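Enquirer: Assemble the whole structure, with the sequences as input and the hints as a guide.
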Amino acid sequence: MQARPFLRNHWYVAAWADEVGRQPLARVVLGEYLVLYRTEAGTAVALENRCPHRNLPLSEGRLVGDTLECGYHGMVFDCTGACTHLPGEPAPPRWARVRAYPVVERRGWVLVWMGDPDKADERAAPDYNIRLADPAWWHVKGHLPVKCGYRLILDNLLDLSHLAYVHSSTTGNRALAEHATIAAETEGDRVRVTRWMSDIPPAKAFVDYAGYSGNIDRWQASEFMPPSYIYVNSGTAPAGRGVSPAERMRSQGLWGFVVYHALTPETASTTHQFWAMAIERRFVPPAMLPEFERQMINIPLEDVAVYEAQERAIALDPAANGDVRPFGMIAADKGLFAMRKILQRLYAEEQRRA
Numbered sequence: 163m164q165a166r167p168f169l170r171n172h173w174y175v176a177a178w179a180d181e182v183g184r185q186p187l188a189r190v191v192l193g194e195y196l197v198l199y200r201t202e203a204g205t206a207v208a209l210e211n212r213c214p215h216r217n218l219p220l221s222e223g224r225l226v227g228d229t230l231e232c233g234y235h236g237m238v239f240d241c242t243g244a245c246t247h248l249p250g251e252p253a254p255p256r257w258a259r260v261r262a263y264p265v266v267e268r269r270g271w272v273l274v275w276m277g278d279p280d281k282a283d284e285r286a287a288p289d290y291n292i293r294l295a296d297p298a299w300w301h302v303k304g305h306l307p308v309k310c311g312y313r314l315i316l317d318n319l320l321d322l323s324h325l326a327y328v329h330s331s332t333t334g335n336r337a338l339a340e341h342a343t344i345a346a347e348t349e350g351d352r353v354r355v356t357r358w359m360s361d362i363p364p365a366k367a368f369v370d371y372a373g374y375s376g377n378i379d380r381w382q383a384s385e386f387m388p389p390s391y392i393y394v395n396s397g398t399a400p401a402g403r404g405v406s407p408a409e410r411m412r413s414q415g416l417w418g419f420v421v422y423h424a425l426t427p428e429t430a431s432t433t434h435q436f437w438a439m440a441i442e443r444r445f446v447p448p449a450m451l452p453e454f455e456r457q458m459i460n461i462p463l464e465d466v467a468v469y470e471a472q473e474r475a476i477a478l479d480p481a482a483n484g485d486v487r488p489f490g491m492i493a494a495d496k497g498l499f500a501m502r503k504i505l506q507r508l509y510a511e512e513q514r515r516a
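Quick note on our numbering: the sequence shown kicks off at 163 and runs consecutively.
Be aware that a few hints might be false.
[Claimed, not checked] Here are the simulated DSS-like cross-link-like pairs (lysine-lysine), alpha carbons at most 25 Å apart as the crow flies:
{"hint": "1", "residue 1": "LYS281", "residue 2": "LYS503"}
{"hint": "2", "residue 1": "LYS309", "residue 2": "LYS366"}
{"hint": "3", "residue 1": "LYS503", "residue 2": "LYS309"}
[Said to hold, decoys possible] Cβ-Cβ distance ranges computed for the label pairs, FRET-style:
{"hint": "4", "residue 1": "THR205", "residue 2": "TYR327", "range": "37 to 47 Å"}
{"hint": "5", "residue 1": "GLN513", "residue 2": "PRO447", "range": "20 to 30 Å"}
{"hint": "6", "residue 1": "PRO254", "residue 2": "ASP278", "range": "20 to 30 Å"}
{"hint": "7", "residue 1": "GLU267", "residue 2": "ALA510", "range": "28 to 38 Å"}
{"hint": "8", "residue 1": "ASN377", "residue 2": "ARG474", "range": "33 to 43 Å"}
{"hint": "9", "residue 1": "ALA345", "residue 2": "ALA449", "range": "37 to 47 Å"}
{"hint": "10", "residue 1": "THR205", "residue 2": "ASP289", "range": "15 to 25 Å"}
{"hint": "11", "residue 1": "ASN217", "residue 2": "ALA244", "range": "12 to 22 Å"}
{"hint": "12", "residue 1": "TYR234", "residue 2": "PRO447", "range": "49 to 59 Å"}
{"hint": "13", "residue 1": "GLU349", "residue 2": "ALA493", "range": "15 to 25 Å"}
Bear in mind the hints are in silico, worked out from the structure with no lab data behind them. Nothing here was measured: the structure is a model prediction, and the numbers come from that model. Note that CB positions come from ideal geometry on N, CA and C, so glycine has one too.
Expert: Here is the structure:
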């Protein structure tokens, strides 16, 4: 099976903001063991989660002010990773240091920079999840530990034809796969895929919550941003009243929603999937919101079952095509092939500059 390398000079979501507090949080990102916590002032900190003395995870220790005390021999590390106190020694040795990772927060996401710290630019941190801070919008979020490589999830999110089969009880029906006009475009390092379905029967969720009784126009748009972010927009209107191609990336029409995905590789074959779905509050009656929330939480779980089954099949047959080079291409693959080419190019460029 081909290797699945990571891009390192990028920002990755390590946690939701409400996961990080005054209790040390252990997390593996790109194969590296991190500990996250907040200072007394509320600033998020990310350090290497391994004491340089005897390898006990620092997350097993305790916070003392803004420092982290190892639970084995009491070595104390500050926010820069430097050891500031070693019990019984006049001064800590020079080797007593752990790596500190640059951290930035964006609308509920705590992001870490996994590459060269001198190249960390906060302006490059993703800031597209704008609806999570909009009071006119309701949202639900989650963090799923997924037993598959992150590229399989990117594939799924750039090919929304799968809704017809994986999510047929809520947001999908066969018309999504049978009657879609697909367009894929690349702009710089971004890939946008739009799907347009004209005059089709509405899926169940669109009947239940939007009240459709006749056919609709429906559009879906997915946008990939390196290294592993996906924005999805879904909109609908009565048949014949759908929006123009220029509006399909942002407009929800008469009823629709947006989904934000941040995929953070844990290892080559496991991924942290941070997701959030947002919808205008006026689109869902308050009495229906609990059932709507339950359905939206279940949809990513339906996808996870597919991802993990794919990963098991890949692992069982090392001679197969793996997740890097599929045997063939269908119309729905336009975007994901473009995305994979960008990832390959960015990785090659990063290696040349290393």
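Enquirer: Each hint should be assessed against the structure and marked as holding or not.
Expert: Status of each hint after checking the structure:
no.	hint	verdict
1	LYS281 to LYS503	holds (23 Å)
2	LYS309 to LYS366	violated (30 Å)
3	LYS503 to LYS309	holds (24 Å)
4	THR205 to TYR327: 37 to 47 Å	holds (45 Å)
5	GLN513 to PRO447: 20 to 30 Å	violated (53 Å)
6	PRO254 to ASP278: 20 to 30 Å	holds (26 Å)
7	GLU267 to ALA510: 28 to 38 Å	holds (31 Å)
8	ASN377 to ARG474: 33 to 43 Å	holds (39 Å)
9	ALA345 to ALA449: 37 to 47 Å	holds (38 Å)
10	THR205 to ASP289: 15 to 25 Å	holds (19 Å)
11	ASN217 to ALA244: 12 to 22 Å	holds (18 Å)
12	TYR234 to PRO447: 49 to 59 Å	holds (55 Å)
13	GLU349 to ALA493: 15 to 25 Å	holds (21 Å)
Hint compliance for this structure: hints 2 and 5 are not met, and every other hint is.
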